[in-house]
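Number of protein chains: 2
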Amino acid sequence: MVSLRSLGALTMISACLASLPAISAKPIIYEAEFEQLHQQHQAQWQQQDQQLDKLLAALEKKNGKRPNIIHVMWDDNSLGEVGIPEMNKVLGIDTPRINRMADEGISFTRMYTEPSCTPTRTAALTGRLAVRAAMTKVGFPPDGMGLHADEVTIAEVLSKAGYNTAFIGKAHQGDIESSYMNHQGFDYANFSMYNQFPFMTWQPQMIPGGGIQGFFPSQWDKHYTLDKLFRPQAYINQLEGRKGEKPKLFTGTSAKDYKALLKTNKQQLLDYIKINADSNKPFYMAYWPHLYDFMLAPNELTTNGNTPFSEGLKRLDRDIGDLLDLLTELGIAENTLVVAMADNGPMHELAPIGPRESIFRGGKGDYLEGGVRVPAFAWWPGTIKANQIVGDMVSIHDLFTTFAHLGQASNYIPRDRVIDGIDQTALLLQGDGHSRRDYLHIYTGNQLAASIKQQFKRVWIGDRPGLVGNGFTDLYKDPREEHMTMPPYLWAWAPFDHMKARHERQIQRYPHRKENRDRPYKGIEGISEETKALGLKVERDYK
Amino acid sequence: MVSLRSLGALTMISACLASLPAISAKPIIYEAEFEQLHQQHQAQWQQQDQQLDKLLAALEKKNGKRPNIIHVMWDDNSLGEVGIPEMNKVLGIDTPRINRMADEGISFTRMYTEPSCTPTRTAALTGRLAVRAAMTKVGFPPDGMGLHADEVTIAEVLSKAGYNTAFIGKAHQGDIESSYMNHQGFDYANFSMYNQFPFMTWQPQMIPGGGIQGFFPSQWDKHYTLDKLFRPQAYINQLEGRKGEKPKLFTGTSAKDYKALLKTNKQQLLDYIKINADSNKPFYMAYWPHLYDFMLAPNELTTNGNTPFSEGLKRLDRDIGDLLDLLTELGIAENTLVVAMADNGPMHELAPIGPRESIFRGGKGDYLEGGVRVPAFAWWPGTIKANQIVGDMVSIHDLFTTFAHLGQASNYIPRDRVIDGIDQTALLLQGDGHSRRDYLHIYTGNQLAASIKQQFKRVWIGDRPGLVGNGFTDLYKDPREEHMTMPPYLWAWAPFDHMKARHERQIQRYPHRKENRDRPYKGIEGISEETKALGLKVERDYK
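Residue numbers (my numbering), protein chains in the order written: chain F, 31 to 573; chain U, 31 to 573.
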């Protein structure tokens with residue numbers, strides 16, 4: 031575990047540097063639509079920001095440092111599955127601690143993510159639409175791609191401003207060297223290169239229960255199998271590393287390893303907080319735990335819903351409870367913002383034993399609300415008021431910009447690329463109605479699939495692009511998006527067209543990056559010759 | 031308005047009679063499945079009932095009378111649309127007073143109704159599955175059928191035990207004399223024979239907005255129309271009457287009449303409570319307001335959801351708030367149980383401007399959860415504890431038996447027919463986990479469509495009855511019933527078969543009644559010759 035207590039003096043200096051007024055820097059290049067809003071509200075927002083900064087300065091004075099920030103993010107949950115006790119009852123799950131967290135702070139009802147793990151995590155790290163960094167695909171091993179070295183993450187931004195930074199859990203940002211979390215700004219990182227499936231379904235005992243099919247050598251066709259490299263067995267996943275060092279393999283991919291990892295990662299979180307609680311430096315922690323565990327015996331199913339997924343939520347709930355309790359016990363709750371949320375909608379292909387649709391239609395991978403509208407909560411006793419239900423639009427990208435503001439690190443946000451995140455400090459501190467976002471562009475892979483403005487949504491893809499084209503709906507009237515239509519929304523036709531045009535013209539000026547490909551598993555300590563050979567094979571595929 | 035203050039002395043006598051122990055009467059004939067539960071829990075429930083009756087006796091002593099009971103029931107709402115502030119935000123509606131009612135008492139997450147207005151209201155009135163009374167059809171004018179004279183309603187049961195009783199709003203129990211609410215046990219009734227559609231869509235101004243089609247004479251085919259009686263124009267709906275008297279036409283069916291009626295009915299509710307607050311007799315009020323009003327100008331749409339339906343919910347919310355406030359102001363809140371709920375799921379054919387699916391699949395008319403699982407709340411300050419989320423199964427039929435218990439009127443429950451309602455006093459007074467129901471048979475028209483036991487649901491209808499037959503699901507895992515299947519539930523095959531067999535064997539012993547047909551509009555004062563002629567025509571159709 032990382033401790034940087036000794037760097038107290040340096041912290042003070044960098045904190046001062048970070049406090050330089052943002053006006054001295056070049057302006058951030060926001061997404062084009064935001065510029066519309068900025069022009070309309072500039073004066074008011076400037077005044078509001080002054081108030082907010084006074085409040086934050088007073089807090090810093092009181093606490094002796096800037097706030098700690100913990101971002102908890104888990105897999106595949108739709109709005110309502112956690113945080114609403116009535117929905118708990120409907121689904122047979124029990125998340126009392128997340129429900130209490132919701133009661134003690136903000137419960138967001140319009141937190142948007144990208145439609146799957148990898149792009150959402152890229153968006154959280156960079157504050158940018160994942161498509162800009164060519165990170166819209168979900169990587170599976172062996173992949174040979176990942177986050178570009180020069181994408182600037184929130185860990186880098188906050189590090190520069192003097193924060194301790196740590197990553198624990200599921201990163202899913204690729205298996206190439208540039209993407210390793212300890213090379214992306216985190217002082218300490220215990221991270222997976224992929225999702226949980228290498229751990230969880232690639233287990234011989236999972237086959238009868240519907241696990242991976244045709245993978246193990248015993249299942250290979252006895253007569254016709256020619257290519258022995260098509261199904262290589264040498265995958266790895268979880269690494270551990272410190273900034274400036276080579277990461278090493280942290281654990282294997284057996285079921286036992288995975289179950290141990292779930293516990294270890296949680297303990298690491300708590301240890302990290304204990305160690306850093308009284309550091310002179312504030313900390314930023316991305317705790318993105320592995321949620322799934324489908325390798326449960328029947329007697330391990332203890333929720334009413336009795337699915338492996340509901341057990342995962344129960345574990346998550348307990349862990350979040352332990353986290354909040356620890357912050358309170360250590361006396362740092364009032365100087366710690368915790369944002370807890372899912373990374374995208376339900377992977378309802380796994381229903382009914384995994385996540386399933388509830389309020390919204392669609393799920394992981396979809397541009398529908400079910401794909402991108404997730405449960406999300408913000409907790410900061412004394413600063414965020416209790417019992418707030420927030421109906422404002424807010425998106426995963428906004429966390430980057432908001433955390434940077436709270437850490438007085440906005441000057442380290444890069445000025446050479448488009449930033450999609452909007453500073454939502456006002457929303458956190460002043461509540462419902464104070465969002466600076468009223469729109470979102472939703473990508474499916476590289477395609478702009480839909481755009482939202484206020485409660486209206488327009489879908490861009492479909493089979494009638496040239497004729498009447500594309501469907502509109504009102505998300506209040508039609509939350510399940512089952513009544514896409516045009517006539518009542520003809521007033522919105524041109525405004526949506528212009529919004530898309532602004533977006534696309536800006537992309538021409540700031541084009542998307544190319545996919546970042548490299549040989550997988552470079553620069554990792556402790557990996558087998560087989561895994562190295564696997565990396566080399568993939569490198570040849572793309573040469 | 032009715033006032034029976036002068037009958038105080040008589041009330042005391044009948045209250046004493048009603049207090050005779052139920053043991054002296056023949057036992058109630060419960061639905062067969064309940065007998066299974068009763069055998070398993072008899073001793074415990076007997077003991078629990080003694081405790082409950084002590085509590086109720088203490089309350090009676092304190093308040094000088096048995097509790098008032100108000101049953102508020104409205105149209106076409108799915109679980110979650112009201113009572114959950116997060117869902118309010120999702121749907122762009124605002125029901126702060128219902129949400130507060132939920133916070134101040136019980137919010138049910140498994141309140142079941144029948145799948146549409148008429149059967150649900152029959153079930154509420156009689157405590158019986160509507161199919162037993164041949165009341166599964168939704169009546170439209172001119173109908174010529176309705177509730178049998180000798181069905182015993184909760185108003186009759188409580189009247190006999192000395193309650194003042196009143197009905198205000200939508201009855202939808204038919205247009206024949208036996209069905210009029212003032213002939214069915216209510217001392218006062220201001221009731222509609224049908225739903226709101228005669229008022230609301232049969233308006234010339236509604237045609238461009240999607241109202242009734244082809245109805246008005248100006249729309250009749252100029253060349254080929256032979257039958258002038260096929261589209262008669264002499265419909266009526268809302269009547270007013272007192273027990274033992276002929277009802278009279280209360281209002282016409284113009285849009286103006288309807289809008290006035292919405293206000294009048296609400297004022298009648300408040301007036302009734304004021305007048306009866308300090309009566310020696312407790313009262314039972316069925317306030318089943320007309321919810322829909324699609325005849326709104328754009329500037330009358332004031333909710334974020336800005337649909338006529340969300341405006342209806344807003345009005346309902348305000349009215350419920352005024353009701354609860356009045357009870358509190360009058361000092362009778364602690365002696366008044368208010369149960370507020372919808373009558374069935376969303377009529378999602380009216381989406382997106384009317385109700386739509388949200389958490390559950392399906393709606394009005396469906397045996398799916400979306401058809402029969404509704405928002406429901408119970409409020410009784412001092413007796414029902416605040417902040418209860420109840421996940422128990424409970425059904426509309428149970429209100430009959432429960433209200434009878436609370437009114438010490440169980441002896442007046444008829445013993446010659448099957449009663450589907452279960453006494454849920456323990457659930458109201460002791461909370462989650464104290465339901466005496468764990469099953470429900472759901473009818474679609476005259477067909478047994480599905481049965482629920484615990485969280486499991488089996489659908490009986492479909493196109494493969496003789497082969498593998500019928501689907502099962504687990505409502506926790508699959509709340510939208512999208513994964514009906516058999517293999518994981520083979521253990522439940524025979525138990526469900528037996529449950530159905532028990533139900534059907536009991537029906538053989540106590541067969542369903544025949545539809546109760548008669549000439550419509552008999553015994554009403556103040557109707558036109560045209561309306562009378564319409565009644566006579568319908569009578570001829572069924573001779």
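Don't take every hint at face value.
Pairwise CB distance ranges, derived in the manner of DEER restraints [said to hold, decoys possible]:
id : chain 1 : residue 1 : chain 2 : residue 2 : range
1  : U       : Pro-126   : F       : Pro-517   : 32 to 38 Å
2  : U       : Asp-251   : F       : Ala-531   : 30 to 36 Å
3  : F       : Asp-493   : U       : Glu-534   : 46 to 52 Å
4  : U       : Asn-417   : F       : Gln-66    : 42 to 48 Å
5  : F       : Ala-416   : U       : Lys-276   : 45 to 51 Å
Now the stretches of chain U that chain F is said to cover, found in silico as 3 or more residues with beta-carbon under 8 Å [stated by the list, open to error]:
id : segment
6  : 242–256
7  : 423–436
8  : 510–522
Calculated from the structure, these hints are not laboratory results. Just so you know, these numbers come straight off a predicted model, no measurement behind them. Cβ atoms here follow ideal geometry from the backbone N, Cα and C, with glycine treated the same way.
In rising order, the numbers of the hints this structure does not comply with: 2, 5, 6 and 7
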